[in-house]
Structures are given as C-alpha cells and as structure tokens.
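Student: Here is how the chains run, residue by residue.
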Amino acid sequence: MTDYRTDLSRVRGLGAAKFGTEHFWMQRVTSLAVLLLFPFLFYSVIYLAGRPLAEVKEYFSSPLVATMAVLLVALLAHHMRLGMQVIIEDYVHNSSRKLTFLMLNIFFSTLVGAAGVIAIIKLSLGA
Amino acid sequence: MANVELRSKRPLSPHLTVFRLYINMMMSILHRITGAANYFAIILPVAWLVAAASGSDIFALVNGLFATPLGLLVLFGASWSLIHHALGGIRHFIWDAGRGFSIPSVIILSWATIFLSLLLTAALWFFAMVMHGRL
Numbered sequence: 686m687t688d689y690r691t692d693l694s695r696v697r698g699l700g701a702a703k704f705g706t707e708h709f710w711m712q713r714v715t716s717l718a719v720l721l722l723f724p725f726l727f728y729s730v731i732y733l734a735g736r737p738l739a740e741v742k743e744y745f746s747s748p749l750v751a752t753m754a755v756l757l758v759a760l761l762a763h764h765m766r767l768g769m770q771v772i773i774e775d776y777v778h779n780s781s782r783k784l785t786f787l788m789l790n791i792f793f794s795t796l797v798g799a800a801g802v803i804a805i806i807k808l809s810l811g812a
Numbered sequence: 112m113a114n115v116e117l118r119s120k121r122p123l124s125p126h127l128t129v130f131r132l133y134i135n136m137m138m139s140i141l142h143r144i145t146g147a148a149n150y151f152a153i154i155l156p157v158a159w160l161v162a163a164a165s166g167s168d169i170f171a172l173v174n175g176l177f178a179t180p181l182g183l184l185v186l187f188g189a190s191w192s193l194i195h196h197a198l199g200g201i202r203h204f205i206w207d208a209g210r211g212f213s214i215p216s217v218i219i220l221s222w223a224t225i226f227l228s229l230l231l232t233a234a235l236w237f238f239a240m241v242m243h244g245r246l
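Which chain is which? The protein sequence lines are A and Z, in order.
Residue numbers for the first sequence follow the working numbering, so the first one is 686 and each next one is one higher.
Residue numbers for the second sequence follow the working numbering, so the first one is 112 and each next one is one higher.
For reference, chain A alone in the conformation it holds in the complex (with noise of 0.2 Å):
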C-alpha cells in the first residue's frame, strides 16, 4: 500500500531517545531553579553547620525556608535524574545493563527526593 505520509512526519519521535528537546530542555529548567536557590542553599549551610537539633528545627520550621528546602532538594533529584541518564546513555552500550542501569538511576534518584523532602516536612512540623 502506498503511504502518503511525507518522510518528515514518519520518523517523527523515532529518534534514538524516542523523544524530543524534552530532556534537554528540563535539564535546563531544572539547572536554572537550583542556581536561583544557590544563596539560599550557601546561607543555610553556614547558618546550619554544627548547630544543635532544636535550633536546625527552628530554622525550618518557618514554612519559607522549608518551602526553598523541599523545592531545593526535588529539583535536585530531578537535575541528577537527568544527568546520569545521559553519561548511562554515552557510556553503558550492552542492552540489558543499560535498561537496568536506567532503571536504578530512576529509582535512586527518587529515593533521595523522597527521603530529604520527608525529613524537611517532619522537621518543619516540629515532630
């Protein structure tokens, strides 16, 4: 059968990704946000270092800091997310390990998402 589709609109999304600019336009994104929380993040880290628990609950029990915190650590898992999927892309050529490895990065960098934005959240409520 003849197909009357132009060249252009059949390999559309069958690049290697399977993508678009999608992944490189969030790397982006999320590079800029995380730069624009850089003061905060310098300022906490000074202020935060060696200091007992009860002031480190203090300090992010005010809902602006706990807010740049959670947003601070979620961009960042989702910047090294992307990341370390493009060196796993350059580097890991053998099929399996390079989907397990996809795999792990995924489930790694969500893991360390989930886990500082729960700790900033109990430590903002003071428990």
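It is worth saying that the hints were derived from the structure and are not from the lab.
Just so you know, even glycine gets a beta-carbon here, dropped at the ideal spot from N, CA and C.
Just to be clear, a hint being listed does not mean it is correct.
Computed Cβ-Cβ distance ranges for the label pairs, DEER-style [unchecked claim]:
#1 S139/Z with E740/A: 40 to 46 Å
#2 R143/Z with D692/A: 34 to 40 Å
#3 L738/A with P215/Z: 48 to 54 Å
#4 L172/Z with A718/A: 30 to 36 Å
#5 I134/Z with E740/A: 39 to 45 Å
#6 I803/A with P122/Z: 53 to 59 Å
#7 L246/Z with L738/A: 23 to 29 Å
#8 V696/A with S124/Z: 23 to 29 Å
#9 V771/A with S216/Z: 23 to 29 Å
#10 L738/A with I218/Z: 46 to 52 Å
Let chain A serve as the given structure and place chain Z on it in line with the hints.
Tutor: Just chain Z now, with coordinates in the frame of chain A:
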C-alpha cells in the same frame, strides 16, 4: 580477513588521546566528573536531614562523622564539586545563549570556572568557620 586488514587501515577520528589538553577540555571533563560526584554526594546532606528528622542520637552520630578529619575532607571536596558544577552550568548557559564562543572568551570562561570555584568554596568554609567561632 581482507575486511580486517582494511579496517585497521581506516583513518581514525581524532579523539581524547590525540589532542593537546586545553583548559576548556579539562573544564568540560570536570563538569561531567563533578556532576557524577554530586550525584552520589547528595547522600551527605540528605543523610544529615534524615538523621535530624530521626532523633537526637542519630543526628549526633552523623554530625560526629561529619566532624572527623575524613568527614571534613569529604565535605570539603563535595562542596567544591557542587560549586564547580554550578559555575560550569552558568558557563553552559552563556554558551546556550549563543555568546562567549570566541577562543579568548572560551579560555577566559574556562579559567574563571576553576578559579571562582576554588574562591567560592574557600569563602563558604571561611564564613561557616567564622559563624561557628572556629576562626
């Protein structure tokens, strides 16, 4: 067999071992290495947060580990790695915007990355130590 012989005579594309090392190449390589290091180093602050949320005993344990000479060395390296990767990210934003592609700009941006990363890491540790009366 003839195939093998032909393959060995094919011209090779220039690669890492062929080029002389330039500062921009080294910063590009460092950007990926620090990114991978940050990937694992995020365990440090997240472990600290989880410990703080878990109770005073675990929190004291993690703080104690961080305060050992090895702990401080790892934290120092992790802070430099994060700062270097962040500055590398700014450099890439400049390039993404289509600016800074002349050879002198590339060289200046690359040197600025390593120089500022060391300066900002030193500043971070200086202020943290001043804040907590260690200096």
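Student: Range first: 23 to 29 Å. Now tell me if the beta carbons of L246/Z and L738/A are that far apart.
Tutor: holds, 24 Å
Student: CB of L738/A to CB of P215/Z, is that within 48 to 54 Å?
Tutor: holds, 51 Å
Student: Is the hinted range of 30 to 36 Å satisfied by the C-beta distance from L172/Z to A718/A?
Tutor: holds, 33 Å
Student: The hint says 34 to 40 Å between R143/Z and D692/A; measuring C-beta to C-beta, is that right?
Tutor: Cβ of R143/Z to Cβ of D692/A: about 35 Å, so the range 34 to 40 Å holds.
Student: Take a look at whether the Cβ-Cβ distance between V696/A and S124/Z falls inside 23 to 29 Å.
Tutor: Holds, at about 26 Å.
Student: Do I134/Z and E740/A keep their Cβ atoms within the hinted range of 39 to 45 Å?
Tutor: Cβ of I134/Z to Cβ of E740/A: about 43 Å, so the range 39 to 45 Å holds.
Student: Taking the Cβ atom of I803/A and the Cβ atom of P122/Z, is their distance within the range 53 to 59 Å?
Tutor: holds, 56 Å
Student: Regarding V771/A and S216/Z, is the given constraint of 23 to 29 Å on their beta-carbon distance met?
Tutor: holds, 25 Å
Student: Has the hinted range 40 to 46 Å been met by the Cβ atoms of S139/Z and E740/A?
Tutor: holds, 41 Å
Student: Does the Cβ pair L738/A, I218/Z satisfy 46 to 52 Å?
Tutor: holds, 48 Å
In this structure, none of the earlier numbered hints is contradicted; all agree with it.
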